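Visitor: Which chain is which? The protein sequence lines are A and B, in order. So the first sequence is numbered by the numbering used here: it starts at 1 and just counts up by one. So the second sequence is numbered by the numbering used here: it starts at 1 and just counts up by one.
Hints in this document: simulated from the structure, not taken from any laboratory.
Identical copies look the same in the list; a pair holds intra-copy or inter-copy alike.
List of simulated lysine-lysine pairs, BS3-like, C-alpha gap at most 27 Å:
1) LYS276 <-> LYS193
2) LYS79 <-> LYS24
3) LYS143 <-> LYS113
4) LYS193 <-> LYS298
5) LYS276 <-> LYS206
6) LYS292 <-> LYS200
7) LYS193 <-> LYS292
8) LYS298 <-> LYS206
9) LYS292 <-> LYS250
10) LYS298 <-> LYS250
11) LYS193 <-> LYS206
This one's a predicted model, so the numbers in the text were calculated from it and none came from an experiment.
2 protein chains.
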Amino acid sequence: MSKLLIVGTLAFDAIETPFGKTDKILGGAATFIGLAASQFNIDAAIVSIVGGDFPQEYLNLLSNKGIDLSGVEIIKEGKTFYWKGKYHNDMNSRDTIVTELNVLADFSPVVPKKYRDAEVVMLGNLHPLTQLSVLKQMETKPKMVILDTMNFWMDNALEDLLKVIKKIDVITINDEEARQLTGEYSLVVAARKIHGMGPKYVVIKKGEHGALLFNDDNVFYAPALPLEEVFDPTGAGDTFAGGFAGYIVKTRDISFENMKNAIIYGSTLASFCVEKFGTQRMENLSSGDIQKRLQQFKSLTQFEIELT
Amino acid sequence: MSKLLIVGTLAFDAIETPFGKTDKILGGAATFIGLAASQFNIDAAIVSIVGGDFPQEYLNLLSNKGIDLSGVEIIKEGKTFYWKGKYHNDMNSRDTIVTELNVLADFSPVVPKKYRDAEVVMLGNLHPLTQLSVLKQMETKPKMVILDTMNFWMDNALEDLLKVIKKIDVITINDEEARQLTGEYSLVVAARKIHGMGPKYVVIKKGEHGALLFNDDNVFYAPALPLEEVFDPTGAGDTFAGGFAGYIVKTRDISFENMKNAIIYGSTLASFCVEKFGTQRMENLSSGDIQKRLQQFKSLTQFEIELT
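The whole structure should be built from the sequences, with the hints applied where relevant.
Guide: Next comes the structure, spelled out in structure tokens:
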């Protein structure tokens, strides 16, 4: 069985949207990636760090989904990473109100022995040097390394970010970040420049406008499912990445054609994530729900034109 | 053979984009709609009005494409509608610098006898009462009436606009206009409200983010082809509508499944339109070019997931 190694945050999120607000709830990139990937019944492990304040029930939630948590360090006397944010009315932009790194400030990830030969590594959004240190611990070269990052690291650790970008196969990044990273407005040109930085595959996430997958001259586009309302976008990008990675591990096929399917699975899972606050919807998702929504994606995008 | 009746402007456009600027060149909604529809070798006619300053070569260009111009009134002593605009760097927004209605101010369209039984009527962006007067002249109820409009009429002639919207089958509108018309941010909810105003089919154009087709609970999504650069977006929306209408007339099939194809043809033609200034690219477009790009649309959007 193929293995997926996930590195990323386990966190407390406090979220305010036009639909309501929450106290501290379960959040973090690794949480959303893990929950999405667990839909594929694969051998997935999270490498992360939490404080003594992180509830055992959150850990149980993840391990009950079959996710290996032996790489999660618990600092008893420390506090878990905490993020508080408020979404604007259009749900496409948000303000960060609180960021408390806490135990994350000194996070030095240790990859469990068992996962140092994982075929797929998903580097969730973290300091690029933290992401790099995970790659250095791999004893077998992974078949695919996927990296997610954000503008914060472009602003504050660009040189380190470029170092890790050079070593990966797939980057997932949003449209504004792709523009910032390359100085190019056209996403086609931006993707080409990012290819030049290392990754053979560039996934540009456009939120409610879907996602693009570039591989040289090949392009694939997956829309976001048009929804009546987006309740809480938190974690949608990570869920997308987790769905993508999980599908690749499950199918053991890294061809462009199969990556198209992985993108569709990622979009499908992300469309559930935004329906409720935090991880709520992802915690209770049946394979029947997923099949039904994949069918919606098919009728949303598939057409029959005979070409001559 | 089915007939397409097009009503809309024939105009002079002067355009400035980050890539350059033009003097007065051929423009207007009916021009772009007609050029796109002419790709389907159907019997299409334009109802419009121009001044004595409108070059014969522009008229020849359209009639050489097989478009019937017997419904184009020429006011010898008048001047043709003139629009001057400047696009911002992102190409998604523009400022109107000059709008001279000229002969358009007193335009009272007369539908040629031969086209009063056209199966498909395409009402290009004009005053809603002008659009309505065309519908009133039809002697046979068209199988499909398509309407394009814009925020200007929502601001200045909303009551008249709602009257014509009530009588049509398909509305094409951009995302911001759909939000303005309904007061709803979610495009799914906005489309449902617009259904309630009359049109069974709602097409929401999202520019570089593609287009959505709604019919009650059925939704179809066509992306815009990711382009290295958008040279001049002028006319893209009209080209999209003209491609949609032309394909429907050609295939004589108004099922939702066939409308999906029409949307793809519309998007395909629009992707050419933006490659050069004004009508330049649309004037010289081979069916080979179109087939090749349809193939690109297929590989851009089609995937193979086996559903259980």
